[in-house]
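Assemble the complex: chain A is given as a structure, and chains B and C must be docked to it using the hints.
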Amino acid sequence: MATTYGIIVCDGTPCINSGARTLTSALQEQLDKHGLHDKAAIHLSGCLGMCDKGPIVVVNPGYTIYGHVTEADIPEIIEEHLVHGRPVARLAIQEDHLYNRFFRVFGDAKFFGKQMRITLRNCGIIDPENIDDYLSLRGYEALAKAVTDLTPAQVVAEVETSGLRGRGGAGFPTGLKWKFAAAQKATPKHVICNADEGDPGAFMDRSAIEGDPHTVVEGMAIGGYAVGASKGIVYIRAEYPLAIKRITKAIKDARAHGLLGDNILGSDFSFDIEIRLGAGAFVCGEETALIHSIEGARGMPRPRPPYPSVKGLFGQPTLINNVETWANIPVIILDGANWFRTVGTETSKGTKVFALAGKVVNTGLIEVPMGTTLREIVYDVGGGIPDGKKFKAVQTGGPSGGCLPEEYLDTPIDYDSLARAGSIMGSGGMIVIDEDSCMVDIAKFFLEFTQNESCGKCTPCREGTKRMLEILTRITEGKGQAGDIEKLERLGDTIRKASLCGLGQSAPNPVLSTIKNFRAEYEEHIHEKRCRARACTNLVTYQITEKCVGCGACRRVCPVGAITGAAKKPHVIDQDKCVKCGMCFNTCKFDAIVKV
Amino acid sequence: MPTPLDLIKKKRAEAVSRIIGKGYLSTKRVYVGMATCEIAAGSKDVMEVFQKAISLGLTDVYLSQKGCAGRCNLEPTVEVIESGKSPVKYGKVDKDRAMQIIERHLKNGQVIQEWVID
Amino acid sequence: MDSNKITITINDQQYKVDPGQTVMQAADKCGYRIPRLCYHPKLSIEGACRVCIVQIEGVRNYVASCAYPVADGMKIYTNTKELRRARRDIVELLLDNHPMDCHTCDRDGNCELQRLAYSMGIRQRHFEGERKHYEKDLSSTSVIRDPDKCILCGRCVRMCSEIQGVHCLTQAHRGFNTVVMPAYNLPFAESVCTACGQCINVCPTASFVEKNYTQDLFEKLNDPDLITVAQVAPSVRAAIGEGFGLPPGRNMEGQIAATLRHMGFNYVFDTQFSADLTIMEEASEFLERVQSKGPLPLITSCSSAWMKYMEQFYPDLIENISTAKSPMSMASAMIKTYFAEKIKVDPKKILSVAFMCCTAKKYEAARPELEVRGMRTTDIVITTRELVWMAKSAGIDFVNIKPEKFDEPLGLSSGAGAIFGVTGGVMEAAIRTAYELYTGETLIDIELNDIRGFKGVKEAKVMLDGQELRLAVAHGLGNAHQVLEMVRKDRSRFHFVEVMGCPGGCIGGGGQPYPLVNSIPLDEECLKLRAQALYGLDREKTIRRSHENPDVQRLYREFLGRPLSEKSHELLHTHYKAKLPRGIVSPELKIV
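Protein chains in written order, with the numbering used here: chain A, 241 to 836; chain B, 490 to 607; chain C, 256 to 847.
No lab work stands behind these hints, which were simulated from the structure alone.
Mixed in with the good hints there might be a few duds.
Taking lysine to aspartate or glutamate and the DMTMM-like style, the derived pairs with C-alpha atoms no more than 20 Å apart in a straight line are [as the list claims (entries may be wrong)]:
id: 1; chain 1: A; residue 1: Lys769; chain 2: A; residue 2: Glu710
id: 2; chain 1: B; residue 1: Lys498; chain 2: A; residue 2: Glu729
id: 3; chain 1: C; residue 1: Lys336; chain 2: A; residue 2: Glu726
id: 4; chain 1: C; residue 1: Lys336; chain 2: A; residue 2: Glu729
id: 5; chain 1: B; residue 1: Lys499; chain 2: A; residue 2: Glu729
id: 6; chain 1: A; residue 1: Lys279; chain 2: B; residue 2: Glu503
id: 7; chain 1: C; residue 1: Lys796; chain 2: C; residue 2: Asp700
id: 8; chain 1: B; residue 1: Lys517; chain 2: A; residue 2: Asp278
id: 9; chain 1: A; residue 1: Lys756; chain 2: A; residue 2: Glu786
id: 10; chain 1: A; residue 1: Lys385; chain 2: B; residue 2: Asp585
id: 11; chain 1: C; residue 1: Lys284; chain 2: C; residue 2: Asp778
id: 12; chain 1: A; residue 1: Lys727; chain 2: C; residue 2: Asp705
id: 13; chain 1: B; residue 1: Lys498; chain 2: A; residue 2: Asp508
id: 14; chain 1: A; residue 1: Lys630; chain 2: A; residue 2: Asp620
Looking at chain A on its own, in the form it has when it is part of the complex (with noise of 0.2 Å):
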């Protein structure tokens, strides 16, 4: 049978160092000899960092990785690997099963070098909307191998062993969901795929979708073998209109493929999913309010226990994973649990997805590997911080929370340590924040999120974030008191303990940290009135200095008329009558205008 064959090179650094690039003539002229040249390409990669066993060369088809490779063993993988189809054992790196998912990510080694991708192994490679793409690299392998091989009871002892954990942010280990749901005697089952991603600046739900939405679609499929469930639901939000119909499409593919359906691939296995449409409510990625809303309810959480796994929707046992969470789970049926559990840390195992934003030179979707440290994200994925600015916080898990320092900068990335250190994983928003960031307006406007987003169900939610962020808009308007601090503290510890959902609890922590990590810049505001971010527009006067050269500028701009001055004369603003809209400050060319 027809294949392609494609060759890569690893060409980062320790690679070339080790000889890498003496490689590529080499091989092309193995290819030329065996007659190849038309039907193979050499592709240099970045980094795939596995430095230690570099020069490292990646041959398809079977994507073996081959280490230390020396030009004296080309002819060998050309021979034996090309033409005769049997790859060269002595060389193939056997462990590292996961890079060879990583094969198309080249030529963009300082963004890619430190990443890892096994949710996004086909993101940004394959055409999504091609089922043939994401056949041709081993699609639907691990539902057949699922289905041929293994029990539902062994589909769900790997993903137990995988040691993988709830991506949607609390890190729930996803085998024990598995085991509950299986447990379950109450039949039907249903399995739910969480795509109700509604952290602000997070979009790494969406992108998995549109990338390679073929993967949730297997995931979900495996999963509904191993608990025994026929059908499945993907709710998703219906801003998410490309993602929907790519999923959509997705399906219908697959089904016309009979990889959805009655009797996959000719098994005894049914199973066939559809598509719910949430209309945006951020607390419908909850997974009780979620269920609520696919029935046709308003969607409001209710108190757990029952777990879904139990009692979920219509009452009946429920698996619910998040989208990075099934995109894992083919990776794990055909890579093994025992492969997954190399990447990572002790207590997290594999990779995690985050939509890096703010003050960083690269703002993207990454994928790192659980123990990868905040520093490694923000300096080397994301390039340090743009315009020569000071680093301020990282704020990971978005409004649920908290923002971390630059003294945890060096916190590896699992769910624990994370904790520990006063955030969360959360599902994957990760931004940075620069000198210019005033921590109490972050985190005002993490609160005001979820004030707006409370159910409105339980009281501490409702009535108490409201509160909170009443006195949190009194700091920041300069009208903070004493006191106000420790009001925040014991509003915060009620609602964080007290709370019905998720939601709630972790609503105060943008608050809560920020005022442990940066408790000065609460009692400046309350105490001298100052802003040292100079973004609390009530506690900032602008002021013109003597860089001033009289050009009128701001003077046309200014909406109130604040601002006098003769033409080439040194301009003065009227504090009286300013109203810190900043229009002069961004209108003056010369940087006349300050902040103060």
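Using the frame of chain A, we list chains B and C on its own:
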């Protein structure tokens, strides 16, 4: 009786042939990022430029869309893969850059270094 | 037996308890009473107010004891320093968004939030800020909705949907802007609200109250040109004592009659009299339908909330509904015709006031279909709760007042009329009379135990001259829904169906007194005692069958002729028509 695993392997082989049938082994493969964020940054226009060029006779090009490449601040991205050459990923591609990629890179084999993401 | 028990520790004391219950239930049995607010034993677990939080060893956050199941070895703390502070904070947060106009509030002295704040020891407020403000919804004849006083416990929402099946109320909007409202934020009067008033019963504050007509009544009682006539529903007498701190289940009819006269009423009649009249008409109607194979089952129509529910949700069953008016409307029709003629006054000078256990009767009284000769027959409807207040306001020593009798000619009643107020009572009363009218024999065993009690849907069979009659009784509109679905599927399943809109029947009506301190609204024990009061009244009477009531017989002799006569039809019967408030789709309309 083939097992599901046999069946999926057969499906994969068929998928590969179909991809090749569409010209995957053409000398140049062009991938245009088409996730929501890329589209918002203008990748639909970029895609149209390539489609139009092909309809007007640009040959030996396998054009495909792809999902998010992760490079938010450099979107839209276009990736050009040529046999035997280091793959090239262009950032901040607009209509004009797309036309130049066609003219200079695809037709004349000249990589436009200043737009390459590295 | 004991081996099934599990061991839990509450505040360091060990207890053996049954598994499969919540922490709150277990603690209740061990002598604790964890403060609570949104919890109601008849409703689903909401877990919303967070007042009943407890600490459980090994669990990171506080848990709502109303929702959390006990487990063997569980260590529970209900009263730690941290918990007390958190609970106080939570109640304080509720107060911070509450109008705090206690002295001018309908629920002053009878407010769960007020009691809770007191027991939490809140003497200071730390977090005051913005308060929500919405317009009161005064559109309904019966129920006023005041969102400002709402603490979003969700009891009304659950009551309206889970028990009543009306689904009129829901939470809308999010966060601080969350508010309970009917669909599309329609005014109550235009919504599917049946005016049953159960939201009032379960509301812990004054977010729902009945539309109060007492000031209007006090003024009219002083109008010398008016002849003021009162009638009193059966269940009012069984419950009103609670409003004066007496235990439930005391029959206070004598005190009510005396009080109303003290307040200035010229005549005080008994709605139990017209209940007998209703039975005469309805039993006759039933027999007519059985004989002529008319539309069966016959479904009772004396509950006004139920009538609105039926018109909205089951208009396809209108032909099955008894055309007989409710006892209140029959009495009012007789007051403005028969009685007016008897005392030779212009009926327009009569003020007809009904004292009811019900808020929906305020709605019924305003129905144009019930007008007689161009007159509205019931001018004012006053609930039990309002009557309690009126008596207090008028300075009447209700508890100790010397009991008096109802006036003739509309004051004498049979035992059958009394049991109208309990679920199953109308059916029982009707069977007592129908049996005799049909067979000519007297029914000896008149207490139909199969249709007594508080089971949601009760079914029974009686033999009528060799023919088996299948009966069904439902109380609470949610249960009515169950029965009506059976009827829709198979119209021949039942011959006679009784529906009461409220749980327990009229004794659980939406206008009954607020619960005593430390008891809960619609407590089953309380309902049982109220029911016993009415069953006791029945048993005490020598006349226990409606057709034996001599005053009813006299009324037919002197005025109406016979049941279902032309005059009866004019004065005692009415008709119903489909109502389609916004959001309701008629069953005939197929949604494509």
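Now the hints, each set against the structure:
{"no.": "1", "hint": "Lys769(A) <-> Glu710(A)", "verdict": "holds, 17 Å"}
{"no.": "2", "hint": "Lys498(B) <-> Glu729(A)", "verdict": "violated, 59 Å"}
{"no.": "3", "hint": "Lys336(C) <-> Glu726(A)", "verdict": "holds, 18 Å"}
{"no.": "4", "hint": "Lys336(C) <-> Glu729(A)", "verdict": "holds, 16 Å"}
{"no.": "5", "hint": "Lys499(B) <-> Glu729(A)", "verdict": "violated, 62 Å"}
{"no.": "6", "hint": "Lys279(A) <-> Glu503(B)", "verdict": "holds, 17 Å"}
{"no.": "7", "hint": "Lys796(C) <-> Asp700(C)", "verdict": "holds, 15 Å"}
{"no.": "8", "hint": "Lys517(B) <-> Asp278(A)", "verdict": "holds, 12 Å"}
{"no.": "9", "hint": "Lys756(A) <-> Glu786(A)", "verdict": "violated, 40 Å"}
{"no.": "10", "hint": "Lys385(A) <-> Asp585(B)", "verdict": "violated, 47 Å"}
{"no.": "11", "hint": "Lys284(C) <-> Asp778(C)", "verdict": "holds, 17 Å"}
{"no.": "12", "hint": "Lys727(A) <-> Asp705(C)", "verdict": "violated, 60 Å"}
{"no.": "13", "hint": "Lys498(B) <-> Asp508(A)", "verdict": "holds, 19 Å"}
{"no.": "14", "hint": "Lys630(A) <-> Asp620(A)", "verdict": "holds, 16 Å"}
In the structure shown, a violation is registered for the earlier hints numbered 2, 5, 9, 10 and 12, in ascending order.
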